[in-house]
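Peer 1: Turn these sequences into a full structure, and let the hints steer you where they fit.
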Amino acid sequence: MGTDQQMTKSLATGHSRRRVLQGAAALAMAAPMLRAARTMAQEKVQLVLWHMEQPPNRVQQFQKVLDAFNASQDGIEVKQQVQNWEDIYQKATSAIQAGRQPDLLFTIPDFTTAIKQTGAVQPVEDLVDAIAADHKFLEPAVQPYRYEDHTWAVPLYGMVQLLWYRKDMFEAAGLGRDAPKDWDQLREYAEKLTADGKFGIGITSSKHLYTDQEFYSFMITNGGKHLFAEDGKVDFDTPNNVKTLAFYKELSKFSPPGSSSWTWAEPQALLNTGQLAMAIEKGQFLGPFEEQSGRPAEDLGAAPIPWPPDGERGSIYYSNGVMLLSDDQAKRDATGEFLKFLFQPDTYAEFLLAEPGLFLPVTEDGDSPAWRQSPVLAKYPDAVDLLVEQSKYGYLFGFTRDKINPGIGQISAENMLAQVVQMAIVQDQTPEEAVAAGQKMMEAAAASVQPSS
Amino acid sequence: MARGVRRGLFALLVVGILAIVVVPFLWILLASFQPNRLLIQPSPRFSLAEMGLSNYENLQQAAQYFTYLRNSAVVALFSTLISLILAVLAAYSVYRLDYRGRQTLLRLLLITYVFPGVLLLIPLYQIFGRLNLIDNLLSLVIVNVTFAAPFCVWLLRGFFGAIPEGIEEAAALDGAGRMRILLTMIVPLTAPGLAATAIYTFILSWTEYMFASAFIIDETRKTLPVGLGAFIAQYYVDWGILAAAAIATAAPVVILFAFVGRYFVRGLTAGSGK
Amino acid sequence: MQATTRRAGQTPLEAIRGDRGSAALFGYLFVAPLILWLVITIALPLVYSVFLSFTDIGVVGTEGAFIGLDNYRRIVAEPEFRAAFVRSLVWAFGGGLVQIVLAFAAALTLNQAFRGQRFARTWIILSWIVPTIVIAIMWRWMLNATFGIVNYLITHLGLSAVPIDFLGTPQWAMPTLVLINAWRWFPFLALLILAGLQTIPEEYYQAAQIDGAGPVKRFFSITLPLLQPVLYVTGLIGTLWAFNIFDLIWLMTQGGPVSATETLPVLIYDRAFNGFALGEASTISVLLALFLLIYSVVFIRFVPAGETEGGVL
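Protein chains in written order, with the working numbering: chain A, 1 to 453; chain B, 454 to 727; chain C, 728 to 1040.
The hints are simulated quantities; they were obtained by calculation from the structure and are not laboratory data.
Ideal placement from N, C-alpha and C gives every residue a C-beta, glycine not left out.
One should not assume that every hint holds.
Cβ-Cβ distance ranges computed for the label pairs, FRET-style [stated by the list, open to error]:
(1) C:Ala770 to A:Ala71: 29 to 39 Å
(2) A:Asp310 to C:Leu1017: 49 to 59 Å
(3) B:Leu501 to C:Arg945: 47 to 57 Å
(4) A:Asp310 to C:Phe778: 47 to 57 Å
Peer 2: Shown next as structure tokens:
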């Protein structure tokens, strides 16, 4: 929360004289802001929004939407503040403890379970219902936020993974322009494409959320979507997951050096420079492909992630949402107004285009012509179809059952799936050992958190 | 002949040591003028034809560089000022005045470095939260002084030790008070040391990252390292813009150092020169 | 401020220095602001941390129950803690050794008279004045396994057939970070040593040379002993600083890969904010502080401080 904000609030409520006095020293530095605050309309409801979508293009696009909303009425002003996924756990929890949390905080399901333990997260089923009356939500988007008799976030956009590949590189290697169909073929292609300093497939093994995501997508394709058994116990050490890890490790031989310290950027950069033929990632590959690769849009292939003969189609699916952290009724109402504005199909298209292809609609009417016919997405109609289609096969680890084990917050925050991958690939343990160690780690995490009441 | 060879070898040594430090910076400086496309090639290939400022232009659009710069400057200046005042007073006390317990005090000062910064992060956050100092540059000033001032006291050691006793004697003859002695005689005499100390604190404040990233929330109050930190670990890491951001973050303190750096070095070395 | 009055029979100097009562009063008065500042910003938070270490508080901002010494018992037995402790020792002492060697080489070189000496003395410090985040970006790029210059040089000079993923392989990550940190800090240390070197009168060396002492002997019998005061403080504070370094490691590897660079401060941060165990994190903090306190006491007790003006430290 900004100082100016604080001041407005103090002046408006008139009760914080003491706080103002305490902050007197701070005021010396904040005097200009105080002046600015005084001139503001005092009855305006201010909503401070934190999100972790840092790339400048996204911030700018969000601002466009916020400006439109702020201009559309005079009662509410929404202000965005950009945060980092890297330190948001620390920032958010510290801020909540100090009473300085934002009113709205973007989230993914596992982050919500973690932050919910502070008691600051407000139930929002009323807001969800109000929007759903006009714009029906896709069930997979709402489901991971619905537990303990409430809904803890309003879904905003979905994200799903596909296999991206360079058709021109496939052709050069004599593989045609079609994607591999199953695991065996994926392996074969990856090997054939690894030659002359080029690499077949990006298999990340860093201790990073990206590794969690890529490995979990493979787990799903081999029957491993449930991280917990029906009774709520950790169910990670399964023959299927061992087999998946063995396959993942096998594929990592065809991944460029440095894969064990990758973050988001590297596979995309390498695919675009023609050093990498395949990568598994979300929809952000579309936007910069032509410019960075110097190739026509047709050369970017997209396909469902291949699965083994007895496996199934699937991918990780993130329902990104927004949590309400303020218990102030005026702010809740203002949030409702804001969301109502946001989900109008044309506005919503603008919002989703903050990152074309990465942000997928979570409402039925969100898959609108305004979104599809935007400059970037219009070039990749097949990929957009696939992304939308793939969402139906999407799952998120820890959120595939009705009851949610709160330990998932820690499992995700500590990147435990990635740690298992690191044990197998970086430390060269056998898949059996690594999966067993992962099971232990996850059990400890699940045991350390009491289900919140 | 042998002399010439030795001089040659010595020159090589000097250049070598400097190169170890400086060359990486030159490399990234060069990179900051190149388009990202060239920076992610397997073999480094710089192109003179494509030298340009586009990374800096993009950076300027993406980040509130001058806002960060101003915040960093405000924090560093106030930290330096307060730290200097506290350190001079304390140094005068422990190095010029003779009383029981001063050795213990001196040790206590240095032992403050026993406590990990991470340890202080959470409790300080709470305290500042209560004082309404979160998301306020003052919180950074407070923390920077805490971590700079004790070492500053030690840095002043040589300078205070080097002041001849006769000076205070003469002043005492005139009936000057201690505060006046401190201000009118000691401070001028230790000026090089004060300069070194000030520069030390300034740099420490300028580079501080952990507390600044935790305590500051609003974009308009971020310091330069934190503002730049937001560029790391994004979906699209663009090494060109990162290189430009790195240079832009380093530049102010490097430029400042070009002017005052010799006082820092001279100050450090002169103090113990007696 | 009041003027110091001279009592009968006192020399002027006694009036100002020898008058112990007044010296003590002003002594305490002048040092008080700094001490007070440190009490508020360090001692108070410390007390709070100790309190937290006796609770099972999880997520920052939630409530915890008092559980006595449970955290301590569990942490001390925990392999992660022990491994991180060993890594911290390697980080601080291994890194310290590298820094000292580099710093001496630099300081002895810069102590010679040569053209451009002032320039070299000023700019050698470049790596130290630059924010950590800049260092992190720079080295992450240069060490990148696919397009970093370091790997390009290594593979083209034939030092290694394949690129080395310096930050992504456990056996390389720690040495790499230690070297980067040493690279960052040795110039500062070199300047402190240089300052010490300048206090050594040239005549000592001349006398030793007349006695037939070679350069090595001169270094060990004159340079090193007379540098004692500088080495004393850098040995103490430098080690404490090194133990508590967090930002460089966090920005370079976040403690990875597979915890290979997870020193105690990194473990503390990770435990508090990603592991949702603030109580345990506080316990580790307190244990680290205790260890450093013991180290300092032993150091002060047993390492000779050397002769200096103005007191021991």
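Peer 1: CB of Asp310 (chain A) to CB of Leu1017 (chain C), is that within 49 to 59 Å?
Peer 2: Roughly 56 Å apart at Cβ, these two residues keep to the hinted range, so it holds.
Peer 1: Could you see if the CB distance from Ala770 (chain C) to Ala71 (chain A) stays within 29 to 39 Å?
Peer 2: 51 Å, violated
Peer 1: In this structure, is the beta-carbon distance linking Asp310 (chain A) and Phe778 (chain C) contained in 47 to 57 Å?
Peer 2: With a Cβ separation near 55 Å, Asp310 (chain A) and Phe778 (chain C) satisfy 47 to 57 Å, so the hint holds.
Peer 1: Confirm or reject the claim that Leu501 (chain B) and Arg945 (chain C) have a C-beta distance inside 47 to 57 Å.
Peer 2: Holds, at about 50 Å.
Violated hint: 1 only; the structure is consistent with all others.
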